[in-house]
Amino acid sequence: MAEPEIVSRLLAFIAETYRTGTVDLGPEMDLIGSGIIDSTGIVELLEFVEDEFGIAFPDEDISPDNFRSPAILAAYIDRVRQ
Amino acid sequence: MTGNDGAALPLRNRFGGDDLYIEGEKVVVRPVFDDDLTERYLGWLNDPEVNRYSMRASHRYTETEMRDYVAAMNASPRDMVVAVCLKENNLHIGNVGLTNWEQAHGTIEISNLIGEKNHWGQGVVIDADRHIMHAAFQCLGIEKFVLRNLAPHRASTFKSRQLGGELEGRLRAHVVHNGKRVDVLQFGVMRTAFYETFPDLADAPSSPTPA
Chain U
1 MAEPEIVSRL LAFIAETYRT GTVDLGPEMD LIGSGIIDST GIVELLEFVE DEFGIAFPDE
61 DISPDNFRSP AILAAYIDRV RQ
Chain G
83 MTGNDGAALP LRNRFGGDDL YIEGEKVVVR PVFDDDLTER YLGWLNDPEV NRYSMRASHR
143 YTETEMRDYV AAMNASPRDM VVAVCLKENN LHIGNVGLTN WEQAHGTIEI SNLIGEKNHW
203 GQGVVIDADR HIMHAAFQCL GIEKFVLRNL APHRASTFKS RQLGGELEGR LRAHVVHNGK
263 RVDVLQFGVM RTAFYETFPD LADAPSSPTP A
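If you read the sequences in order, they're chains U and G. When the letters of the first sequence are read in order and numbered with our numbering, they come out as residues 1 to 82. When the letters of the second sequence are read in order and numbered with our numbering, they come out as residues 83 to 293.
Chain G extracted, bound-state conformation (with noise of 0.2 Å):
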């Protein structure tokens, strides 16, 4: 049991649809289209570096397999996953995942691949994340994320932390990384911790979709 309603509708179409538009500091989130699923994104899914902490990093896709993915995402009532894209020259960096909506419950999991290397250490997380956030806590009735990462993987950590999560569990060698069991660590970020954390954007509206 899901404990949504209306299950067949997919989640992508309470949030935003084809005109999702959610506009950062640095970057705005849209739909993944089609024309995005190319070589380049075929490889950020395949390239050690940005999979270095990934729970499928071991896992090498096909381009068959990267468009099933995206067209399951894109159908699915309970998960979606956003294109994110630099705000200057609207390029494809990376995306990120919704996943497991829990609408009675008011919760849902966020998870982030950046694509793009040379886009790292510039607050384009962040930026992406607390957005997609403020927006879903106002349009999607979200109470509570959750995130999740590998315990060795510290930036992801302090992501969490970033943006208002505190530690809530411990899933101990949880996972196989690099040959080794390692712990994996659960985040939530209650809707009142988050607007502490960016009391900026407490009274500032939002929607999934340009006014």
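Isolated chain U (complex conformation) (with noise of 0.2 Å):
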């Protein structure tokens, strides 16, 4: 799977899942600063992507550094599963 299709699968994710309120839709979004995703959400978050991408995320990276925005996670992503 390349990342553009990550990136599109984690969108259509936050998506349905969060409210966006009135932050663009896109792969820089910004997910932790614009407060989408906090560390209550972050749960759902990780769990869609362990499943959806077959990855399973250690401690050391549950961090805002790798989910700052679709792009970043989606670059993770790709970087754990190659």
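No wet-lab data here; the hints were simulated from the structure. What you are looking at is a predicted structure, and each value in this text was computed from that prediction instead of being measured.
Stretches of chain U that chain G covers, calculated by requiring three or more beta carbons in the stretch to come under 8 Å of a beta carbon on chain G: (1) 32-41; (2) 55-63.
Across the chosen pairs, the derived CB separations fall in these ranges: (3) Ala-284(G) / Asp-24(U): 28 to 36 Å; (4) Gln-82(U) / Asp-282(G): 33 to 41 Å; (5) Arg-138(G) / Ala-2(U): 46 to 54 Å; (6) Asp-30(U) / Asn-172(G): 29 to 37 Å; (7) Glu-52(U) / Arg-138(G): 28 to 36 Å; (8) Ala-12(U) / Ala-90(G): 57 to 65 Å; (9) Asp-51(U) / Tyr-103(G): 41 to 49 Å; (10) Ser-288(G) / Glu-52(U): 38 to 46 Å; (11) Pro-130(G) / Ala-15(U): 28 to 36 Å; (12) Glu-105(G) / Gly-21(U): 20 to 28 Å.
Among the chain G residues that face chain U by a calculated CB cut under 8 Å, a handful are: (13) Trp-202; (14) Gly-203; (15) Gln-204; (16) Gly-205; (17) Val-207; (18) Ile-208; (19) Arg-236; (20) Ser-238.
Just so you know, even glycine gets a beta-carbon here, dropped at the ideal spot from N, CA and C.
Both chains are given apart, each in its own frame, so use the hints to dock them into the complex.
Okay, structure coming up:
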């Protein structure tokens, strides 16, 4: 699965799961700073990513650095899957 | 040995006392008063969902234990508990614990209990913690916060990282959770990392009481 497709699946999940308010849905959208995803909301996203893309997040990688935007998360997923 | 001098003075008296009032974007933090020790509060302590990842999850609290706990925290020279209230209506939705203060080393632990579940997922914990931590860095001489959580509590792991924490240790199979031994993760938030994470607070004045 190419990175753009990973981004598309992430965006679809984000759109149906979270209140995005006035934030434009897109690869570079700010998931953390905008408040769309907080420490409670992250659990649903983690579970989706692990189920959908067949990866397991080690505790060390559960960090805002990997979840700041769909593009950053997709790059992480792509890197881990290789 | 605690490393604290003036050990008899309760920590709460050094950090705002009855006048404690820290304002965040969504919440305000104030002391826990007797009026807060309600059935609703007791319900939080005994709600399995609220305490799903708590290290005291299996204990069922009585009203007397709740009152004794708050009284002990309010009298402790190394610990205190504060109330987290919604800014919009002052509703008490949970607490923050500051524990095991080591004055000589500038360290303290911070933990959360948000009992009103309909306010989960709204960023209230980060809002409360970051403003309490800012005030404590400025006014208590804290250099490092310590946060611990069960490894399966991934929301808490994420929160610790959001606050600028680094994973410093893993206590392997340290506690029993749902009948299984699980790891406990320990995070440290250094003063410098905190202000790199929250540059908006770096030059902001802070006090545990209103100016």
